Amino acid sequence: MSTIAERVKEIIVDQLQVPAEQVTPEAKFIEDLGADSLDQVELVMALEEEFGADIPDDAAEKLTTVGEAIKYIEDNSADK
Amino acid sequence: MKRLENKVALVTGSTRGIGRAICQRLAEEGAAVAVVGRSPETVEKIAQELRDAGFNARGYAADVAKSEDAKATVAKVVADFGRLDILVNNAGITKDNLMLRMSEEEWDAVMNVNLKGTFNFTQAAVRPMMKQRSGKIVNLASVVGRMGNVGQANYAASKAGVIALTKTTAKEFASRNIQCNAVAPGFVMTDMTAALSDDVRAMFLKVIPAGRAGSPEDIAGVVAFLASGDADYVTGQVINIDGGMLM
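For the record, the sequence lines run as chains U and H. Numbering of the first sequence is given in the numbering used here, commencing with residue 1 and proceeding in unit increments. Numbering of the second sequence is given in the numbering used here, commencing with residue 81 and proceeding in unit increments.
It should be emphasised that the hints constitute simulated quantities derived from the structure, not laboratory data. Small disclaimer: the values here were computed from a predicted structure and weren't measured. Some clues are possibly wrong.
[What the hints assert, rightly or not] Distance ranges between label pairs, derived from CB positions:
no., chain 1, residue 1, chain 2, residue 2, range
1, U, Val13, H, Met179, 50 to 60 Å
2, H, Arg181, U, Asp14, 29 to 39 Å
3, U, Ile30, H, Asn257, 18 to 28 Å
4, U, Val41, H, Glu148, 16 to 26 Å
5, H, Ser183, U, Lys71, 50 to 60 Å
6, U, Gly67, H, Arg96, 53 to 63 Å
7, U, Ile30, H, Asp188, 37 to 47 Å
8, H, Met269, U, Lys62, 52 to 62 Å
9, H, Leu180, U, Lys62, 43 to 53 Å
10, U, Gly34, H, Ile173, 37 to 47 Å
11, H, Leu180, U, Gly34, 50 to 60 Å
12, U, Asp36, H, Glu121, 38 to 48 Å
13, H, Val287, U, Val13, 57 to 67 Å
14, U, Ser37, H, Met227, 28 to 38 Å
[As the list claims (entries may be wrong)] Heads up, simulated DSS-like pairs for lysine-lysine below, C-alpha to C-alpha not over 30 Å straight-line:
no., chain 1, residue 1, chain 2, residue 2
15, H, Lys211, U, Lys62
16, U, Lys9, H, Lys211
17, H, Lys251, U, Lys28
18, H, Lys251, U, Lys62
19, H, Lys151, U, Lys9
20, H, Lys146, H, Lys251
21, H, Lys151, H, Lys247
22, H, Lys156, H, Lys125
23, U, Lys71, H, Lys211
24, H, Lys151, U, Lys62
25, U, Lys28, H, Lys211
Beta carbons are placed, not taken as given, at the ideal position from N, Cα and C, and that holds for glycine.
Take these sequences, add in the hints, and give me the full structure.
Below is the structure:
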């Protein structure tokens, strides 16, 4: 069973089509990983699906780095 | 190879009139067709007619005004056919009345099917299309959405809304290789226009340079073009199909 951090990273790699080694906790979705606004929405939806969590829009807007996304899921996921 | 070979198309309001003709044309061009309408019996009947003609088709009952129905229908179509390439938002109704007499129910019913229904199915369909990185959405607008029309405040406003929705969809999803366009039929012979009085019909014919009403097939041909690879660089456009009525 992989950790939440690993699963989140896997989803980011899949959604943004970036190499896994670029997906570090400090990496910013827009500046470092080349995401646009649609990518961000898709990513949030994919995370919601994977973790059975509901991520409200105002919370989603604050998730700008990989580390923030992992922390949010760890704090709020239904199946932690 | 046919123009829509290996493509999967979903057509709402497809059991009669223009929608029925669009299903036929998309199937003839090679697409597998998901026939969507309100009555389970009718969608199955049309799907069976298409299968009898040697085409790949399935029926799906849904109320386009319900977001949940749209999501469930798109999910079923993707599960059955493996993908979704073409969405034709064709479902539409009229409840004509002069504005002074128009009830809130008449206004809401037309908005819910024509405008909200188009939004619901677009929102559901773009998800598999984004994943595929390709898709075509064709919306049925109307020339009255550009001109306005006496007795059609609800219908005309809903179709003007469809035009704005078409352009917004085109802009939001262009980067994902999804094109969205609209066709704006003029006066077309269907059950919807058969309900008009002889006077109103004569008045329409007088302002059509082509001198004839359109047929559902006239509309289906342009929809097939916009749904095909021939229109890959066309997005956010509204094409009038009206015999020159509005230029």
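Of all the hints numbered above, which does this structure not satisfy? Sort the numbers upward.
Checked against the structure, the only hint that fails is number 2, while the rest are satisfied.
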